[in-house]
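Each chain, written out:
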Amino acid sequence: EAGVVQSPRYKIIEKKQPVAFWCNPISGHNTLYWYLQNLGQGPELLIRYENEEAVDDSQLPKDRFSAERLKGVDSTLKIQPAELGDSAVYLCASSLGPDTQYFGPGTRLTVL
Amino acid sequence: QKEVEQDPGPLSVPEGAIVSLNCTYSNSAFQYFMWYRQYSRKGPELLMYTYSSGNKEDGRFTAQVDKSSKYISLFIRDSQPSDSATYLCAMSDGNTGKLIFGQGTTLQVKP
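Residue numbers (my numbering), protein chains in the order written: chain A, 3 to 114; chain B, 124 to 234.
Just so you know, not all the hints are guaranteed correct.
[Stated by the list, open to error] Ranges between beta-carbon positions, derived for each pair:
{"id": "1", "chain 1": "B", "residue 1": "Lys179", "chain 2": "A", "residue 2": "Asn32", "range": "40 to 48 Å"}
{"id": "2", "chain 1": "B", "residue 1": "Asp201", "chain 2": "A", "residue 2": "Glu16", "range": "42 to 50 Å"}
{"id": "3", "chain 1": "A", "residue 1": "Arg11", "chain 2": "B", "residue 2": "Ser196", "range": "27 to 35 Å"}
{"id": "4", "chain 1": "A", "residue 1": "Gly99", "chain 2": "B", "residue 2": "Asn145", "range": "37 to 45 Å"}
{"id": "5", "chain 1": "A", "residue 1": "Gln61", "chain 2": "B", "residue 2": "Ser143", "range": "43 to 51 Å"}
Hints were generated in silico from the structure; no laboratory data involved. Just so it is clear, CB atoms sit at the ideal spot from N, CA and C, and this is done for glycine as well.
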């Protein structure tokens, strides 16, 4: 069974530029999560989707971050404009139930 | 104070040693407890999953949950160099679907 797929794996951009990350969850997993992981820290939830609906986006900085999950499968997370402090690893995870989450390899973002 | 506290280490042990990793938490609503292993430049990999209090064993790994003390542990027996990674504890209340992670403990097993 294929795991969670994310792309790109690495991205380097200059501040104020836009950037987008893509995630394809495990087949059949209705719940999809985006997490932010800073260096030396555990992941922190940005947004959770149940099918197409964002059911928890309370931690998503909505002034510059947006996300979508069209058709309840793939998802895209966007930052516009990026700031220096956005440099981190962006992880996507999916699950069948509310707790056993499976993570992708992440996208490592560097903002210069 | 963070909801989940985990000593970041680093922890360095010789091959074959028994490793003990721990987390404490403050939210008594947590019911599900997990341990993830994260290799450098990889995503977290689910290692152990426990519901409520008690022990769970899987090969060289044993997870313990003591809800009365709000304390969870992961034991690794006969540690191997391939166990060198960051170990993250995570927990949830089972209702919100939100996992709260510890900071992660970096483990190095020396041959």
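Verification of the hints:
1. B:Lys179 to A:Asn32: 40 to 48 Å: violated (26 Å)
2. B:Asp201 to A:Glu16: 42 to 50 Å: holds (48 Å)
3. A:Arg11 to B:Ser196: 27 to 35 Å: holds (33 Å)
4. A:Gly99 to B:Asn145: 37 to 45 Å: violated (26 Å)
5. A:Gln61 to B:Ser143: 43 to 51 Å: Violated - the Cβ-Cβ distance for A:Gln61 and B:Ser143, about 32 Å, lies outside 43 to 51 Å.
Hint compliance for this structure: hints 1, 4, 5 are broken, all remaining hints hold.
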